[in-house]
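Q: The lines below spell out each chain.
There are 2 protein chains.
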Amino acid sequence: MSEPVAVEVPAADNSDKAAKKAAEKAAKKAAKKEKKAAHKAAAGAPSTENSAGDAAADASESSEADVSQGLYGNMPLNRSENFLSKSYSPIKLLESSLDGKSVWIRGRLHTSRFKGKTGFFVIRHQHYSVQCVLSVGSAVSRQMMKFAASVSKESIVDVAGVLRKVDSPVAACSQQEVELHTTEIWCVSAAEPRLPLQVEDAMRPDQQQASLATAGQEIKLDNRVIDLRTPTNQAVFRLEAEVCRLFRDTLAAESFVEIHTPKIISAASEGGANVFEVTYFKSKAYLAQSPQLYKQMAIAGDFDRVFTIGSVFRAEDSNTHRHLTEFIGLDLEMAFLSHYHEVLDTLSRLFVAIFKGLQASCADLISTVCKQYPAEPFEFLEPTLRLEFPEAVRMLREAGAEQGDFDDLSTPNEKLLGRLVKAKYKTDFYILDKFPLAARPFYTMPDPARPGYSNSYDFFMRGEEILSGAQRIHDPALLVERAQGFGIDTAKMQSYVDCFKYGCPPHAGGGIGLERVTMLFLGLDNIRKTSLFPRDPKRLTP
Amino acid sequence: MSEPVAVEVPAADNSDKAAKKAAEKAAKKAAKKEKKAAHKAAAGAPSTENSAGDAAADASESSEADVSQGLYGNMPLNRSENFLSKSYSPIKLLESSLDGKSVWIRGRLHTSRFKGKTGFFVIRHQHYSVQCVLSVGSAVSRQMMKFAASVSKESIVDVAGVLRKVDSPVAACSQQEVELHTTEIWCVSAAEPRLPLQVEDAMRPDQQQASLATAGQEIKLDNRVIDLRTPTNQAVFRLEAEVCRLFRDTLAAESFVEIHTPKIISAASEGGANVFEVTYFKSKAYLAQSPQLYKQMAIAGDFDRVFTIGSVFRAEDSNTHRHLTEFIGLDLEMAFLSHYHEVLDTLSRLFVAIFKGLQASCADLISTVCKQYPAEPFEFLEPTLRLEFPEAVRMLREAGAEQGDFDDLSTPNEKLLGRLVKAKYKTDFYILDKFPLAARPFYTMPDPARPGYSNSYDFFMRGEEILSGAQRIHDPALLVERAQGFGIDTAKMQSYVDCFKYGCPPHAGGGIGLERVTMLFLGLDNIRKTSLFPRDPKRLTP
Chain A
648 MSEPVAVEVP AADNSDKAAK KAAEKAAKKA AKKEKKAAHK AAAGAPSTEN
698 SAGDAAADAS ESSEADVSQG LYGNMPLNRS ENFLSKSYSP IKLLESSLDG
748 KSVWIRGRLH TSRFKGKTGF FVIRHQHYSV QCVLSVGSAV SRQMMKFAAS
798 VSKESIVDVA GVLRKVDSPV AACSQQEVEL HTTEIWCVSA AEPRLPLQVE
848 DAMRPDQQQA SLATAGQEIK LDNRVIDLRT PTNQAVFRLE AEVCRLFRDT
898 LAAESFVEIH TPKIISAASE GGANVFEVTY FKSKAYLAQS PQLYKQMAIA
948 GDFDRVFTIG SVFRAEDSNT HRHLTEFIGL DLEMAFLSHY HEVLDTLSRL
998 FVAIFKGLQA SCADLISTVC KQYPAEPFEF LEPTLRLEFP EAVRMLREAG
1048 AEQGDFDDLS TPNEKLLGRL VKAKYKTDFY ILDKFPLAAR PFYTMPDPAR
1098 PGYSNSYDFF MRGEEILSGA QRIHDPALLV ERAQGFGIDT AKMQSYVDCF
1148 KYGCPPHAGG GIGLERVTML FLGLDNIRKT SLFPRDPKRL TP
Chain B
648 MSEPVAVEVP AADNSDKAAK KAAEKAAKKA AKKEKKAAHK AAAGAPSTEN
698 SAGDAAADAS ESSEADVSQG LYGNMPLNRS ENFLSKSYSP IKLLESSLDG
748 KSVWIRGRLH TSRFKGKTGF FVIRHQHYSV QCVLSVGSAV SRQMMKFAAS
798 VSKESIVDVA GVLRKVDSPV AACSQQEVEL HTTEIWCVSA AEPRLPLQVE
848 DAMRPDQQQA SLATAGQEIK LDNRVIDLRT PTNQAVFRLE AEVCRLFRDT
898 LAAESFVEIH TPKIISAASE GGANVFEVTY FKSKAYLAQS PQLYKQMAIA
948 GDFDRVFTIG SVFRAEDSNT HRHLTEFIGL DLEMAFLSHY HEVLDTLSRL
998 FVAIFKGLQA SCADLISTVC KQYPAEPFEF LEPTLRLEFP EAVRMLREAG
1048 AEQGDFDDLS TPNEKLLGRL VKAKYKTDFY ILDKFPLAAR PFYTMPDPAR
1098 PGYSNSYDFF MRGEEILSGA QRIHDPALLV ERAQGFGIDT AKMQSYVDCF
1148 KYGCPPHAGG GIGLERVTML FLGLDNIRKT SLFPRDPKRL TP
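Listed in order, the protein sequences are those of chains A and B.
With the numbering used here applied, the first sequence covers 648 to 1189.
With the numbering used here applied, the second sequence covers 648 to 1189.
The shape of chain A in the complex, shown without the other chains (with noise of 0.2 Å):
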């Protein structure tokens, strides 16, 4: 085992000022020795903040005396030296009604502009700022000037001040009616003076004039940790977080059942294409396609209304804006008494819910993610715009395009048909019932009453699919002689089939892709804006 490091060194403590001033009563006293020894003790601090140099120590050595001294520095590494129950100040609420008022903060340095005798910084913290003003006077020294000078971008460091209502309007901030005269500045986590990935850059639209730079999408998200800090990117995980609590809420409300089903399975589950093969001890297994397998297995056992959010896995090579290897799948299967439409009329009840809720408590996140990615408000309708498979050939044909009665939609066409709809409908989402049944899953329950078509729905947003349901097949003779027609070995799906052998509820449900729902909720280009860490045929890291 090695050993922790600089257990010696004198603690500068960030968080109470009388401490810090004792710390440095003592620490002038130590002789130069001492504090050759001390740095010795801390070699094994941060190699950053070794050549960022411990700008307290350097000024004490100077000839000058530092009126500064104990006001700024950099902190040692925080090992939970201390329990401070020391109070900081939420950037988001400093305003002109704090006018004087001496406040702690702690967030990063955005940017910093230091000329002559007076500097300007920006603090941030998530998508909040604040502009903060240091001038070299009585207490403040130019040692102090140049070691907040020599603090590096997204360094994370904590700023004593007071609070001073402005004149005019600091534009670059969050917080305009405000600045902070910086009384004491530590750096807490210091950031390498290059970075990889400028958060400024990070937060420009994709289409920025060329005299700016844009960091592409590649850089980006190579850099996600840096490039996650962005007002946008704080705004789109929240938004996302929020439509998680809208789907689980609201299907609560109408009581369904939270489930977890496995991602390691014994079989392929839909079909043997596009499945990722997992080494399980001597033998092998699967990932899951989708839970829906395990979703009717809960039905079969009895728990009427179940959803279910979890990692889906698809081997799918499509390298397009929509396609992700792995993704998060909103599940949900219902046991109905006479009609899928009472399943889909939850479904349709469900996303009302989502959008209403999403614009009620997150219009301020869409006004963030809208100014570097500007879209038209997302409409819809109340009740959801229901539309037949039949209907949308019509409507393919009369606008000059090919679809033939029961083939499935073409993306191009998907598109067109989004198009074709929020001209005559004016919204954005709409709900597509009857599919052909060629085009569905073995499991898929057929329409009886039209040949060749199914009980069976996709949902679209902006012109994509976002969901896709159906009735399920509760009948192990039929859902075996559709596998059959598919092609499918039952045999290596026994444990599915035998679960409708004994007594099974008519059901139905849908799978919801939710990083596909954010995107495109929020109009943007691409699911790997709102896939956290995105998995593609290409990217495995970070």
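Bear in mind the hints are in silico, worked out from the structure with no lab data behind them.
Please note: incorrect hints may appear among the correct ones.
As the list makes no split between identical chains, a pair holds if one copy fits it or if it spans any two.
Said to hold, decoys possible - Pairs of lysine-lysine residues, derived as PhoX-like cross-links and limited to a Cα-Cα distance of at most 25 Å, are as follows:
#1 K733 / K748
#2 K1139 / K867
#3 K1185 / K931
#4 K812 / K1139
#5 K1071 / K1003
#6 K1139 / K762
#7 K764 / K793
#8 K1081 / K1069
#9 K929 / K1081
#10 K733 / K1185
#11 K793 / K1185
#12 K762 / K793
#13 K733 / K1081
#14 K1069 / K748
#15 K1139 / K1185
#16 K793 / K1081
#17 K1073 / K1062
#18 K812 / K748
#19 K929 / K1185
#20 K739 / K812
Position chain B against the provided structure of chain A, taking the given hints into account.
A: Then chain B, alone, in the frame of chain A:
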């Protein structure tokens, strides 16, 4: 494409009495040969239904007039022919205040007993059940009795009847105040006559007396779809869903953001052992052993407080009562200001909120489970008891156990410690802080004050670990140094190390095993009882 079946069969409508009578009249008009043709067309219908026989049709063919014709029979396979907004009464709401009311119910045939001119059968829905009575009389024919007696257990049936208050409680049912005097009975989905597992057997305590059949765990898991129907399982998984809800709601109220992390990763996240390998197109990948590295990256990406619920994979060949190869992790990570005990306090409050929430909202579920699996109520203190590792060592040694100062707790010592703590402090839940550094992963922050210890902790329920967590090293140089001490090739986890190079707040977190929390809260003896479809080295199905 093989085509759907039986579209010509007249639909017997289960949901509307008038419609049913009309259908019956039409059926009577039909000649025998037409009936035969219809049977032939229905050949695609489930063989189980065929073998059970079409009782209504049989009856009309018998010489005796059937006064009950049109009041019973097998429903055709539900293909959503009709949308009926007919109302069924939930079994749980059937009580004496409804005396004299006519109702429809849908549920499973739980048990039936027919003798002479009277039959009794119990209809079960989830953890509720009601007794039904059928007596031959002016409206009930012998043929109808015969049909009712022929319905196999676990079949889904619709029953109409008049509710009657009973003089003495129906002990075998949840609804003890009433019984349903049956006027119609329709089989919606027939179960095979021979079931691989009887629900009544699955409902018995594990230690049932030898005279009664008790289904073993493997049989129950092999036939999980039947096993899940027991009142206990209906309760266990509802309670488990509530654990997740309380986890999320408590954290969301403390400004945590829900995230989703990738399960397919490019390098083994925690050292290479016990990891499942995945074939990823033309290369290799691995299944994440925890979301921890990604939670940390979210912290470095400024989300400050994050949680995630998702599948976690461990390729451990452990066949114990508490190990699964795939389980659900409730994970959180949190930036702190001065000390990791800020996080420990949050975690402590979280668990108290979960336990209190369960006791408040799940009292009936807990008592349902206790009937099959008796257990002492779960006890906890507020605030949570917190011990440090050296104190645990002392207690164990005082009790005569061997325990090294810097050794991890063995499973027997962990359990013994749980008993000692329970005896001394009257709690089934406690926190053990300050684990030996050598017993923890490389990314654990060493304790600066006490060499050999670390800023890490485990939480225990009934003497078993359910959470493991720590302050993480947020400095890249120290992280690399520690990883190398463990012999880990840091080149393979460069993107993880890199994420601390651009500034990262001090942070701590933890991972909770959902199935363990549910198991131990309820005092169950095996984690397979709290995993819907458990995965272990020997089980990949269903």
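Q: If the cutoff is 25 Å on CA atoms, where do K764 and K793 land: within, between, both or neither? Let me know, please.
A: Answer is within: at 10 Å inside a copy they meet the 25 Å cutoff, but 101 Å across does not.
Q: Between copies, within a copy, both or neither: which fits K929 and K1081 at Cα up to 25 Å?
A: Neither way: K929 and K1081 sit 44 Å apart in one copy and 38 Å across, limit 25 Å.
Q: Please sort K1073 with K1062 into within, between, both or neither, judging by C-alpha distance up to 25 Å.
A: Classified as within: same-chain Cα gap 15 Å, cross-chain 64 Å, threshold 25 Å.
Q: Within a copy, between copies, both or neither: where do K1069 and K748 come within 25 Å Cα-Cα?
A: For K1069 and K748, the Cα distance exceeds 25 Å both inside one copy (53 Å) and across copies (50 Å).
Q: Classify it for me, K793 with K1185: is the Cα-Cα distance of at most 25 Å met within a copy, between copies, both or neither?
A: neither (45 Å within a copy, 64 Å between copies)
Q: Given identical chains, is K1071 near K1003, meaning Cα to Cα at most 25 Å, within a copy, between copies, both, or neither?
A: Classified as within: same-chain Cα gap 22 Å, cross-chain 53 Å, threshold 25 Å.
Q: Given a CA cutoff of 25 Å, do K733 and K1081 count as a within-copy pair, a between-copy pair, both, or neither?
A: between (62 Å within a copy, 24 Å between copies)
Q: Which holds for K929 with K1185 at a C-alpha limit of 25 Å: within a copy, between copies, both or neither?
A: between (28 Å within a copy, 10 Å between copies)
Q: Within, between, both or neither: how does the pair K1139, K762 come out at a Cα-Cα threshold of 25 Å?
A: neither (73 Å within a copy, 43 Å between copies)
Q: Checking K812 and K748: alpha-carbon separation at most 25 Å within a copy, between copies, both or neither?
A: Result: close within a single copy only, 10 Å intra versus 72 Å inter.
Q: With identical chains, the pair K812 and K1139 could be close in the same copy or across copies; at 25 Å between alpha carbons, which is it: within, between, both, or neither?
A: This pair counts as neither: shortest intra-copy Cα distance 71 Å, inter-copy 50 Å.
Q: At most 25 Å between CA atoms: does that hold for K1081 and K1069 within a copy, between copies, both, or neither?
A: within (20 Å within a copy, 60 Å between copies)
Taken one by one, the earlier hints fail for this structure at numbers 4, 6, 9, 10, 11, 14, 16, listed in ascending order.
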